[in-house]
Amino acid sequence: MMTSRRVVVGLLTAVVVAWSCGVGPATAQLLINGAGATFPYPIYSKWFDEYAKISRSVNFNYQSIGSGGGIRQITARTVDFGATDGPMTDEQLKAAPGELFHVPTVIGAVVATYNLPGNPKLRFTPDIFGKITKWNDARIKDVNPGANLPDQPIVVVHRSDGSGTTYIWVDYLAKVNSEWEQKVGRGTSVKWPVGLGGKGNEGVAGQIKNTPGALGYVELAYAIKNNLPAASIRNKAGRFVEPTIGSTTAAAAGAAAEMPPDFRVSLTNAPGPDVYPIASFTWLLVYREQPDEVKGKAIVGFLWWASHDGQKYAADLLYAPLPAPVVKQIEAKLRQVVYQGRPLLAAQ
Amino acid sequence: MAVVYGRSAGAGAATPTVPPLAGARRARRRFGDRGFREITRAAGLAPLVLVAGMAAVMAHAAWPSLRRFGWAFITTSNWDPVAEQFGALPFIFGTLVSSLLALLLAVPLGLGAAIYLAELAPRAVRPPVTFLVEMLAAIPSVVYGLWGIFVLAPWLRTWVQPALGHTLGFLPLFQGPPYGVGMLAAGLILAIMIVPFITAVSREVLLAVPRMQREAALALGATGWETTRIAVLRYGRSGLIGAILLGLGRALGETMAVTMLIGNRPEVSFSLFAPGYTMASVIANEFTEATSDLYLGALIEIGLLLLVLTLAVNGLARLLVWSVGRGPTVVRE
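First to last, the protein sequences are chains A and B. Sequential numbering from 1 applies to the first sequence in our numbering. Sequential numbering from 1 applies to the second sequence in our numbering.
Certain hints may be false.
[As the list claims (entries may be wrong)] Quick look at which bits of chain A chain B covers, simulated, 3 or more residues with Cβ under 8 angstroms:
{"#": "1", "stretch": "67-75"}
{"#": "2", "stretch": "155-162"}
{"#": "3", "stretch": "194-206"}
No lab work stands behind these hints: they were computed from the structure. Cβ coordinates follow ideal geometry from the N, Cα and C atoms, glycine included.
The whole structure should be built from the sequences, with the hints applied where relevant.
See below:
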């Protein structure tokens, strides 16, 4: 008995000592919690690392739990900022306890990839999606003279998990195909009329690689890293544009002229001659009225840095950086973030 | 020990120090016993409380979906997150069919391997094979899934499905284009995953059958097969059913490998070549991005149904073991 009591006391002491040691240094640092989209996670973690070198007192903790989770958590105020690949709906914004700002951070693109003999470079027109069932359909053949297109059914492969990538892809389909818009619509998961579901970019790519005649979509970054064939798509201006970092940024530049003040804009099928038409912003979500002055300042400071100096890290990680006019619009937005009515942005 | 009862007797001056000490020890022991009983009781009740709590929390979170769809949730098959119409029939169907297919393939193989290892295999063969079988059970399911995508599915698509289509294509089970992935691939990978469980547990059950059982059967002139069938399998059948149900339990809840191989298409199709979907898979796939309360509720309701399904299967299993255990041929030592 005596020995066990001594053990208990010893354990308790150890716990108390460990706890106070762990807490001691952490109080000196500011911890900012965020949660949400998985798609921008690589660039965000790079940013948090780099920003910690500049601003040593701020530490970021980001959980990439998916856009849905990010929206739920920022709405419940369990995190200091959220992140999402698809803009929040009006209903969701109304459900939030305060006014939420969407701040675009980088741009991502989604590409059409396929598995055909020799994987020729293909060009797609918007009218083929949801309309054709065979690879040697005249609508593909006409714009791809010389390509060897077999008499084979097209096996559609899509994401089975809810994802921002799916949202961007079906948002584009809904814009170019009115039947799709009515029957299927837009969402991170949709009721696919045909096809097989693969989990994640790797699931879709693996399924395509193993299925002759397969056609599916993956993130641009994933396609470049894994050397997957990616089709050029005919854009609104009538030109076939290859998916690249440059043509993705061009999509945001094309949309900048008619940017709504809350940045909730779709970049798919954007106007402009060099625009790749299947692209989207990804956003951070912050409250206009920050509940904590110190944290609010840190968040706004970080967002300013990310939309300026931080952009140079984007291309290395295969994200498209924001075009200059959009950065100007973000600057104006960040000036509106307040704590008890006072703007939080330090004079830049 | 008599001293322990000395409190009433020890009022005299002859036993001045022992009784109080013994009394204290007794009290402490009684306290210890009681404490032990309470702690184990709490541990014993914890699973009940946990299951009840989980069910209650899930039912609460699933309420929007329960109220909106009612029974239609399990009888309709339209799963449309955009229109917020949810019917879970394809997932229930897919879970049951893929698990039953897995059992159909795994039970003969698993039991056969167990009988061989316990009864027939030469002594030198038993340890390495047993070790390998048990190691199979330790492989993470994502590894099975990857192997399934890159080896099993292409093999099914290029060889097995065309062959089945040619020879048995008149059956609705083997019709449709060969994708590789689909119900057949999911059932196969599940079978491979549960064979080690069935084999390992069955082997232990068979080893626990007393030698006398076998000797008695042999003495009566039974052949090797008859001895195994009458004296060994029948004696251990409730344990063997337990082994099979352990495998079934794993198959019902398996998520990762199945998600990677079943094709994730919410449709009820009677062809094994067609893609399907399971309850665990749809939760894993769609939970992270489900934003509306109704959508989230529908996914949680599927989790609740999976819980109910698992409980029902386990209940049936108990019933089966019980009815088999009452059989007349159980010989006691």
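Outcome of the hint check:
For a cut-off of 8 angstroms, the count of residues in the stretch 67-75 of chain A with a CB near a CB of chain B stands at 5, and the three-residue condition holds. Residues of the stretch 155-162 of chain A lying with their CB closer than 8 angstroms to a CB of chain B number 4, which satisfies the three-residue condition for coverage. With 7 residues having a Cβ less than 8 angstroms from any Cβ of chain B, the stretch 194-206 of chain A passes the three-residue criterion, so the hint holds.
No hint from the list above goes unmet by this structure.
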